[in-house]
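Visitor: One letter stands for each residue in the lines below.
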Amino acid sequence: MAIELRVPTILRTYTGGAKAVSGDGVNLAEFIDNVNGTHPGLKERIVEGEPEELRRFVNVYVNDEDVRFTGGLKTEVKDGDVVVVLPAVAGG
Amino acid sequence: MIEKATVDAIVAHARRDHPDEACGVVAGAEGSDRATRFVPMLNAAMSPTFYEFDSGDLLRLYKELDERDEEPVVIYHSHTATEAYPSRTDINLAQEPGAHYVLVSTRDGADSPAYDGPVEFRSYRIVDGEVTEEEVRVVGSYEETEGEH
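From first to last, the protein sequence lines stand for chains A and B.
At position 5 of the first sequence (counting the first as 1) the number is 5 in the numbering used here, and the numbers step up by one without a gap.
At position 50 of the second sequence (counting the first as 1) the number is 50 in the numbering used here, and the numbers step up by one without a gap.
Isolated chain A, as found in the complex (with noise of 0.2 Å):
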């Protein structure tokens, strides 16, 4: 069992063209440092600054929360769940 990453298009770059990855981690934080390792470049696309925060403009959701009302990259997962990133829909 890992965790799933559901990655969106514009990300599929940094993946071979694959839909999904897998990984692991306690947190989301580790889960993408950890996916990051297999598929360099995808962190900075999610995460950006010092202390590091989710892109304002990027939607993370674990089991279809949005991780900005469960405690963002401190969100915890675990084997089994299912990590979507979609970017947002915006724009002035």
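Treat the hints loosely; a few may be bogus.
Counterexamples of contact, computed for chain A against chain B with all Cβ distances above 12 Å [what the hints assert, rightly or not]:
(1) N36
(2) V58
(3) E76
Chain B stretches covered by chain A per the calculated footprint, using a threshold of three residues with CB under 8 Å from any CB of chain A [said to hold, decoys possible]:
(4) 56 to 70
(5) 112 to 123
These are computed hints drawn from the structure, not numbers from a lab.
Given the structure is predicted, the values throughout are model-derived calculations rather than measurements.
Idealized CB from N, CA, C, for every residue including glycine.
Please arrange chain B on chain A, whose structure you already have, making use of the hints.
Guide: Just chain B, lined up with the frame of chain A:
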């Protein structure tokens, strides 16, 4: 190439939500480049100068597209006081390189159903911060264009 009924639906949505920006997608079968299913979305920003799909709605939309083997062929929104050209914000935030970004303007009275002039309706590709306008060809139905190249 887009169907007349879809153009009318997008313009009607833009007028309905004026003076706020309206937004939505027109979905189509993956790889078909045919925008066949009109999906108006709520502008969670409820603003005359900004639009953003609600995050819960966004997740539901993409799951639905996935289940139906569809993609957002068109992503549309309105400008309510400026021309139908991508703003700097539109360009910075565009993250669907495969989509046609359609802009409608409801400025200068075009929001009124009584307005009988042409409504600005334009389409662009936005890839890596680069905007390319494309011609919009309005057809009665995609079927009638079959066999054309």
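Visitor: State for each hint whether it applies.
Guide: Here's how the hints hold up against the structure:
For N36(A), the shortest C-beta to C-beta distance to chain B comes to about 19 Å, beyond the 12 Å cut-off, and the non-interface label holds. A cut-off of 12 Å between C-beta atoms contradicts the statement that V58(A) is not in contact with chain B; the least separation is 8 Å. At roughly 19 Å from the closest C-beta of chain B, the C-beta of E76(A) stays outside 12 Å, upholding its exclusion from the interface. Coverage of the region 56 to 70 of chain B by chain A holds [criterion: at least 3 residues with CB-CB distance below 8 Å; count 4].
Check on the region 112 to 123 of chain B: 0 of its residues sit with their Cβ under 8 Å from a Cβ of chain A, so the three-residue criterion for coverage is violated.
Checked against the numbered hints listed earlier, the structure breaks hints 2, 5; every other hint is satisfied.
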